Amino acid sequence: MLDAYIYDTVRTPRGKGKKDGTLHEVTAVGLSSRILNELAKRNNLSGHAVEDVIWGNVTQIGEQGACLARSAVLGSDLDESIPGVSINRFCASGLEAVNMAANQVRGGAGDAFIAGGVESMSRVPMGTDGGAIAIDPELTMKNYVVPQGISADIIATKFGFSRDDCDAYAVESQNRAALAEAENRFSKSRISLKDQNGIPILAKDEMIRKTDMQSLGSLRPSFKDMGEVMPGFDKIGIMRYPELEKINHVHHAGNSSGIADGSAAILIGTEEYGKKYNLKPRAKFKATSRIGTDPTIMLTGPIPATERVLKSAGMEIGDIDLFEVNEAFASVVLRFMQAFDADHNKINVNGGAIAMGHPLGATGAIILSTLLDEMERSDRETGLATLCIGSGMGAATIIERV
Amino acid sequence: MTEFKYSIDSDGVAIISWDVPNKTMNVMSLEGLNELDKHFDSALSDDKVKGIVVTSGKRDFAGGMDLNVLADMKTTQGENPALGLFNGIMQIHKLLRKIELAGMNPKTKKGAKPVAAAITGTAAGIGLELPLACHRIFAIDNEKSKIGLPEILVGIFPGAGGTTRLVRKLGAMNAAPFLLEGKMLSPSKMKLAGIIDELTDKNDLLSRAKAWVLNATDADCIKPWDDKSYKMPGGEPYHPNGYMTFAGASVMVNSKTQGAFPAAKALLSAVYEGAQVPFETALKIEARWFTKILMNPSSESMIRSLFINKEALEKGAVRPKDIPNQKVEKIGIIGAGMMGAGISYVSALAGIKVVLLDMKEEDAQKGKSHAENLLNIGVKRKKIDEKKKSVVLDLITPTTKFEDLKDCDLIVEAVFEDPAVKAEVTKKVEAIIDKNCIFASNTSTLPITSLASASKRPEQFIGIHFFSPVDRMLLVEIIKGSVTGDMAVAKALDYVRQIKKTPIVVNDARFFYANRCIIPYVNEGAMMVSEGITPASIENAAKQLGFPLGPLQLTDETSIDLGVKIIKATRAAMGNEYPEKNGDEVSFKLFEEGRLGRKTNAGFYDYDEKGKRTYLWNGLNETWPVKKHQPKFEEIKNRLMLSQVLEAVKAFEEGVLEDIREGDVGAILGWGFAPWSGGPFGWVDMVGIQNVVNMCNTLSVSEGQRFAAPQILLDMAKNNETFYGKFIKNKNAA
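If you read the protein sequences in the order shown, they are chains A and B.
Using my numbering, read the first sequence as starting at 465 and increasing by one per residue.
Using my numbering, read the second sequence as starting at 66 and increasing by one per residue.
Each hint should be verified, as a subset may be incorrect.
Unchecked claim - Capping the alpha-carbon separation at 35 Å, the derived lysine-lysine pairs in DSBU-like fashion look like this: (1) A:Lys505 with A:Lys688; (2) A:Lys606 with B:Lys357; (3) A:Lys688 with B:Lys675; (4) B:Lys139 with B:Lys267; (5) B:Lys234 with B:Lys113; (6) B:Lys664 with B:Lys692; (7) B:Lys471 with A:Lys688; (8) A:Lys688 with B:Lys248; (9) A:Lys710 with A:Lys739; (10) B:Lys693 with A:Lys622; (11) A:Lys688 with B:Lys664; (12) A:Lys606 with B:Lys664; (13) A:Lys688 with B:Lys296.
Said to hold, decoys possible - Derived, one-sided and incomplete: chain B residues facing chain A with beta-carbon distance under 8 Å: (14) Tyr308; (15) Asn319; (16) Gln323; (17) Phe481; (18) Pro484; (19) Ala485; (20) Ile497; (21) Asn501; (22) Ala606; (23) Phe698.
Please keep in mind that the hints were generated in silico from the structure rather than gathered at the bench.
In this text the structure is predicted, and so the values were computed from the model without any measurement.
Heads up, the beta-carbon is just placed ideally off N, CA and C, and yes, glycines get one too.
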C-alpha cells in the first residue's frame, strides 16, 4: 500500500448561513470554484493534475443539485479532463471526501485528488432535499427517528450534561476562536474570498462573538416544543431509551453549531506526486474510519469512529496530541471527552463550529485543515479529526506530520 | 340466495338494493361481491340504464365485511395464504374501481354512467368503502346512524380502498381521525367532514339520489383523483406541507401506540407510499399492506377477542341455556357511595327502575346527584337531551327504607367491604324481597361463597363485580359462589346485557379474575423498585407492552393504602405460604411517608398543586438507589407481562375461569391488558407456549418460583398445542 499525503489545505472564511450573511450573494458553485482555483494556483496545478475532485455536499438540490462537483470543476480554471463527484455523508461529507481520496491514493487508484466540499446553507437551506428517513413510516418507526437537536438533548440527559455544562462549553469555544483569530492562527488555510473583480467579500469567519454564561442563559431551548408538544419527539426518544423519564432540553442557538456558508479543499497525493510537482508534503494519513450507530441518539458516532480509527492505526487515545471533534452540539463534544476521559486542552483548541459555524458539506475538510495548521503551529505530531453524522454515523481521520 | 336486488325503474335508473336475507344488518359476503359485480356488469352494458343507485333494503346500510370472506381468501392459493388474500383483495379493488369508472372512456373521460350511493342508516367498513367508490353519497339525516371505518379498532385497517380513497378525498391530516381512530360519526357530521355529499329526509333518499343520477354530467362522474389536475389536499409526502404532516404522523402514531399496534404502522405506510403514485397503484399498495396486516398474528388475535368473542359473550355465549329472559325491571342498590351511585346511573340509563338505599337520606340523595352530574355532562356534550335526562333521573328513587326494595327483582349490594356489615345487609334485605329476587354483591375482594353463608338462599346469591368508574368501564365480572344456581347466573348476565356491558363469568377464588391478575402486576412493579431497577424503565416497559398504566402509576391511581390493606389481608390469609420475595417494603414506605397516591397528591409520582402528575418521586432513588447493572429492558417487560399472564393461566387451570375467551376479553376490557395481543391467552399462543415456558424457566431461576411455568403450560408445550387450538373449536375464532 502506498502512503497518502496532504500537500495543501485551503478554505473560505465561514459566513453566516442566512440571508443577511456576507456569503449569501455567492453561489455554491462560486464558493467551490474559487477555492479550487486558489488550490490550483498555490500549487501550480495544470492540465490533468488530479485524478478526481471528490466534493462533499449535503443538500443536493437546486443549485447544489446535479453533481455540484462537476459543475464546480467546470466553473473553475481546472482542466475539463478532471471529473468531479459529489458525495453526501451529511455532516462528515467534507472529511469523507478526504478519506475517500486518501484511500484511493493508498490503493493506487490515482496519484492525486482534490477533496473537500461546500455548503451554502443560506442559499440551499438544510432539509430542503426531503428524504425518506424523516417520514417513511417503515423507517421512522423501526428506527425511532428524531431530529438531531432531540438527539443532542438525549445525549445531555443520558450522560448527565446540564444546560450550564453546555453553555460553559460554548463560551469556551467562542473564547478560543476569538483568541485564535486575534493571534492570526487561521491564516495558513483561510483565504480572503474575493469577487470576480478581485474585490474582497469576506476575509474572516464572521460568526465569532463575545458571549458569557449570562447572555447564553437567556436563550430559549430550541428543541423543547418539538420534543414536548408538536409532534412530541421526546416520546419517541424515550421509547428507545426507556430508562429516561423525560428529556432535558439544554441546547439552543448559542451552544449548537451555527448555520454557515463555506467551502474547503485539500490536495492529497502520493510521495511521487509531490516530487513531480515539486510540492512538500505536510502530513501523512495514518488511518480513516466510518461507522454506523444507533440513529436515535444519532450523534455519539465520534466515539466508535475514534475507537475504530485508533485500532486501525495501531494507536491508543493517549498517542493523539490534538483533536478536532466537530462541535455540532455542545453535548457531542462533552460526551466525547467523557467517554475517553480526554483533556479539553487538546480538543478544539481554536474553537469550533459553535463559534464559527458548520457549513455541512465543507466542515470535515475545514476541521482537518485547522487541525493540521495547529499541529504545525504548536509543533505536535499526531492529530485526529472526527465528526458526528446525521441518522447515526461517525467518521474519523488520523494524520501525522512528516 | 340473493343479497343484492336489481331493478330498473321507468326513468332508466338501475336500483341495486342490498338486502341480505335473514339478517337485520347487511354484511358483505363473497356471494354478495359476486352479485354486485354481476349487477354492475348488467347495468353498465344495458343501454336502457342511464344511471345507478346503490342502496339498502334495510334500516341500516351495512355493518361491514363478513370475516369469513377473508378467511376463505386465505385458502384459495393452497400453501400461500398471503397470495390468496392479496388476489382476493385485488378482486374487490377491481369491482369497486369498475363502479367508480362506470364505463368512462379513459381518454375523453366521458360516458360514465352516474352512480349514487343512498345510505339508509349506519354504514361501517365496506359499508362506507362501497359508497366512497360511487360518484355521489346521499345519506338519511338521522343522528342515530353512525358512518365510518372502524377497522383499526379491531387491529386491521380499511382495506377495500377506504384508506386510499379517504386520504385522496380529505388529505392525510383530515383523514387521520377516521382511519387511525376509527371515528364513527352521524351523517350530518360526516357531511361536515366532507365525506357525505348530501343529507336527505327519510322519504326523499331514493328520489334525491335518482334525480342526481339523471341530471349528472360527465364532469360529475370524474372522481377528483381521476382528474389530471388532481392535487392531494394538504400536500403529498414530498410537498413541503405534506412533508411536515407525514413527519408528524409517524411520530404521533408511534408514540401513541408505543409501537405495539402493527395495524397503525401498516396503515400509515399504505398512506405514505400510496400518496406518491397513481390511484390504481395506490390501491395495489394498500392491498399489499392489508395482506401483511391480515397475516399478522396480532391482528388475528385482536379480531378474535375484540370482535368475535366480545360479541359472542355479549350475546350470551356462556349463559345457562333453557332459562327464559331474566330482564331486570326494578333493581335495588344498597349503598350510595361511588360504586352504588355509578351502578344506579348505568341501570337507570338502560331504563331500569332503581331503588337506591343508604342509611342516611342525604347520602342516598347524593348518590342520585352523581347520576345527575353525569347526565348534565351528557346534555352539555349533546349526547342526550333534557327530556332523556329527566326520564332517567325519574327512574332513580333514593331511600332509607328497606321496605322500598319489596318489588325489586335484582339487588346489588355495594356497601363497605366488611363481611359483618354485608351479612347484616343480606339478612335485612332478604327479609323484605320476593322469593325469586336475585341478590348480588358488588365485592371486589371478599369470597362470594363465604358472603353467601349469610343468605337463606345461597343458590340465589351471586357476585356482580363492577369496575370503577362504573359509567366508563366496559367489563362486569360475574362470580359464582359454590352453590350459586343457573337462575342467578342468567339473571346477572341478562342484567349486564341490559346495561350494555360485557360480562365474564368466573368461579369464586381470591380476587376472582381481574384483581388476581392486576395485583401481581403492581407488586412486580414495586418489587423492581426495591431491587434498584430504574423506575422510569419499569413504567416505560409497561407502556411499550401496551398497558394503559405502568404499575407504579396504577398504584397511585388505586391508592397505596388500598395496596397496604390488600398486602396485610393476603399475608393473614396465606400465612407461611406468603412469598418471601415481595415488594411490600416499597408500599409500606410510601404509606409511612403519607404518599398514598393521587388522592394525597403524592405517591410513586409527584403531582403539582392542580393535581397533575409530574414526574417520579426522587425519594424512590434515595431509598432504593438505582443499581449500576440494570437488567435488559426485555427482562423488565417479560416480568411485567408474565406477572399477569401466569395468573390468568392459573385461573384457567384452577377452573376459576371456565372459558379462555372470557379470560382474554375480560383482560382487555377490564384493565386494558395489551389489546394488540388479544388478551393473555392470545399472547401465549402468539409467542408460542414453548417460548413462554422458556421465559418462565429463565425468570423462575433469577426471580423466584412465582414465575414457574404452570403445569398446564408444560403439558401443552410438550404436545405443541395452543390455547385456541385446544380449547375453542370455532372456525372464526381461530
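Now the hints, each set against the structure:
Simply put, Lys505 (chain A) and Lys688 (chain A) have alpha-carbon atoms about 48 Å apart, too far for the 35 Å limit, and the pair is violated. Annotation: proposed proximity of Lys606 (chain A) to Lys357 (chain B) holds, straight-line Cα distance about 16 Å (limit 35 Å). With a C-alpha separation of about 23 Å, the suggested pair Lys688 (chain A) and Lys675 (chain B) falls inside the 35 Å cut-off, and the hint holds. A hinted pair counts as satisfied when its Cα atoms are at most 35 Å apart, and Lys139 (chain B) with Lys267 (chain B) does not qualify at roughly 40 Å.
Distance hint between Lys234 (chain B) and Lys113 (chain B) is fulfilled; the C-alpha atoms sit about 32 Å from each other, no more than 35 Å. About 30 Å separates the Cα atoms of Lys664 (chain B) and Lys692 (chain B), which keeps this hinted pair within 35 Å; it holds. For the hint pairing Lys471 (chain B) with Lys688 (chain A), the CA-to-CA distance comes to about 63 Å; that exceeds 35 Å, so the pair is violated. For the suggested pair Lys688 (chain A) and Lys248 (chain B), the alpha carbons sit about 31 Å apart, so the restraint of at most 35 Å is met.
For the proposed pair Lys710 (chain A) and Lys739 (chain A), the alpha carbon gap of about 59 Å is over 35 Å, so the pair is violated. Restraint check for Lys693 (chain B) and Lys622 (chain A): satisfied, since their Cα atoms lie roughly 14 Å apart, inside the 35 Å limit. Restraint check for Lys688 (chain A) and Lys664 (chain B): the C-alpha separation of about 30 Å stays at or below 35 Å, so the hint holds. For the given pair, Lys606 (chain A) sits about 39 Å from Lys664 (chain B) by alpha-carbon distance, which is inconsistent with the 35 Å threshold.
Taking the CA atoms of Lys688 (chain A) and Lys296 (chain B), the gap is near 34 Å; set against the 35 Å cutoff, the hint holds. Restraint check, Tyr308 (chain B) versus chain A: the minimum CB separation of about 6 Å is within 8 Å; hint holds. For Asn319 (chain B), the suggested interface contact is upheld, since its CB lies about 5 Å from the closest CB of chain A, less than 8 Å. Nearest Cβ of chain A to the Cβ of Gln323 (chain B): about 6 Å, under the 8 Å cut. The hint holds.
Evaluation of the Phe481 (chain B) hint against chain A yields a violated restraint, the C-beta minimum of about 38 Å exceeding 8 Å. For Pro484 (chain B), the suggested interface contact is broken, since its CB lies about 42 Å from the closest CB of chain A, more than 8 Å. Because the closest C-beta pair between Ala485 (chain B) and chain A is about 45 Å apart, greater than 8 Å, the hint is violated. Hint on Ile497 (chain B) is violated. Least Cβ distance to chain A is approximately 55 Å, over the 8 Å limit.
The criterion of a C-beta within 8 Å of any C-beta in chain A is not met by Asn501 (chain B), whose closest approach is roughly 55 Å, and the hint is violated. Hint status for Ala606 (chain B): holds, given a least beta-carbon distance of 6 Å to chain A, under 8 Å. At its closest, the beta carbon of Phe698 (chain B) sits 6 Å from a beta carbon of chain A; the interface hint therefore holds under the 8 Å criterion.
Hint check: violations occur at hints 1, 4, 7, 9, 12, 17, 18, 19, 20 and 21; the rest are consistent with the structure.
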